[in-house]
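Q: So the chains spell out like this:
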Amino acid sequence: MLLEVNNLNIEFYDHDLPERVVNDLNMKLDEGEILGIVGESGSGKSMTAMAIAGLLKRHDMKTEGEILFEGEELLHAKRDTLRQYQGNEISIVFQEPMTSLNPVKRIGWQVEESLRIHRPDLDSSERYRRAIEALRDVELDQPELIYKKYPHELSGGMRQRVMIASAMICEPKLLIADEPTTALDVTIQLQIVKLLQRLNREKHTTILFISHDLSLVRRLCSRIIVMQNGIVVETGTTEDIFHNPVQEYTRMLINAIPKLEKPVI
Amino acid sequence: MKKKKAYSTNFIIGAVITGIVLVMIIIGFIHTPYDITKMNSAVKLAPPSLKHLMGCDNFGRDIFSRVLKGMGNTFVIAFATVTIGAVCGVVIGAFTGFFGGWLDEVLMRINDVLFAFPSILLALVFVSIFGTGKYNVVAALGIAFIPSFARIVRGEFIKYREMDYVKSARLAGVSQIRIIFVHILPNTMTVLLSSIMIGFNNAVLAEAGMSYLGIGVQPPDASLGSMLSESQTYLFSAPWYAIFPGAMIILMVLGFSLLADGIKEK
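Note that the protein sequences, when read in sequence, are chains A and B. So the first sequence is numbered by the numbering used here: it starts at 16 and just counts up by one. So the second sequence is numbered by the numbering used here: it starts at 18 and just counts up by one.
Rather than coming from a laboratory, the hints here were simulated on the basis of the structure. Yeah, the Cβ is synthetic: ideal placement off N, Cα and C, and Gly gets one too. Treat each hint with caution, since some may be false.
If the Cβ cut is set under 10 Å, some of the chain B residues that face chain A in the computed set are [as the list claims (entries may be wrong)]:
| no. | residue |
| --- | --- |
| 1 | I175 |
| 2 | R178 |
| 3 | D181 |
| 4 | V191 |
| 5 | H200 |
| 6 | M206 |
| 7 | V208 |
Restricting the straight-line Cα-Cα distance to at most 25 Å, the calculated cross-link-like pairs of lysine to any residue (SDA-like) are [claimed, not checked]:
| no. | chain 1 | residue 1 | chain 2 | residue 2 |
| --- | --- | --- | --- | --- |
| 8 | A | K120 | B | Y177 |
| 9 | B | K184 | A | N215 |
| 10 | A | K120 | B | K176 |
| 11 | B | K281 | B | F115 |
| 12 | B | K68 | B | P236 |
| 13 | B | K184 | A | R94 |
| 14 | B | K184 | A | T114 |
| 15 | A | K93 | B | K184 |
| 16 | B | K184 | A | T220 |
| 17 | B | K176 | A | E111 |
| 18 | B | K55 | B | L210 |
| 19 | A | K218 | A | K93 |
| 20 | A | K164 | B | S66 |
| 21 | A | K43 | A | H91 |
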């Protein structure tokens, strides 16, 4: 068992009434598996990801429950403890590749940043070697050239690959992909999904894939959690969910996938 | 994609003027044609000539030499002032903007108070407590300049702290101090640089004003402001005495303003 989330509750207090965005969430992740979380906007899937990644440290927010990563409680851990894991054991890739890279730093510098933090024993030539390798791993051509470029010189798909490279450079056990394909066009989406699949196969990285695109989730994930309004409404293997959806909501999500049908004239 | 961006006209003119000013300052540090304190009653208030390029003052001292030296003094004071203001302002602005919360509230209210207080008046109070002189003026003006930098940097940090790349940096386990100074600060450079330039101009003017009031650089040492103040008695009999130091102040300020504009446009 790599990750276990028990009775996770997240509440916001920044308005007059407290808002519960995640309600009593339970989930388990085995090593090497790819789990999908699907749901519409505001269903709490990103919040869950943030909680696991340890980004929910705000004063106007209350979190209850526990998140166990290899048995270690992370939800209420100290920042220093958390930082041992962040980027090293748990990494995250965000939705928007245009803003997730620092515009004034070179790509290579940004890819190496996790190494600089978590492997201070490596010297700069070793860091360079690993960064180039990581860039090659995400199927970027001419990694030596890209290493020296600035983010504005790359396309959206390339940036997302760079993000994955920098998330993977410390070879984390868990990669959280928070709608990594939403801002990309359809052909690139598929490439990214295939890339994640390959990384999972070759490096045995466990992936938590968050999306509202069920067709991608179906290609990638072995198990799926369906969320609505902060509640898990359905969970099961991909087969089960697609063939025998129990909930009306799941059925609606599945029906929302565009189908190749002859238009009725 | 174009590799080299063409500089704007403002930038070029500004760079040329600033260059000339800097060259004059450096010459002034190394060598002046005449000793700036040497009096010579034979050439009292002499008009500009080949021997005395900018004429002589009421003690028969060479104005050109005094202008060179005075520019140096003014520049050093302005530079030190802006350095103090910018360094303290950046640190305060970075921390308040990044962390927010009660620290932000407290420091920003103090900032508001300082901001509402005219900087010359603040410097006057400071000088009247600690005495006149170069270093006290630098300290006084430096403190008076902190709020404007703090405010600008704070605004920038509030803008950048929620950016995705800052979140990614956090998630890579980067410490907060490193995020502030290595990840966010370089992003604020364009805004910071041009405000440093503007701050420098204000410092030049403030120093000239203080010396004009007689609390900055003390005679017989020269500064552009103190020369202006001494020259006002002879405004009609020896106009060159006022014109040259005044023109140099204008050149310094103009050069830096144009440079600041050029940087902003780029």
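Q: Looking back at the numbered hints, which does the structure fail to meet, lowest number first?
A: 1, 2, 7, 18, 19, 20
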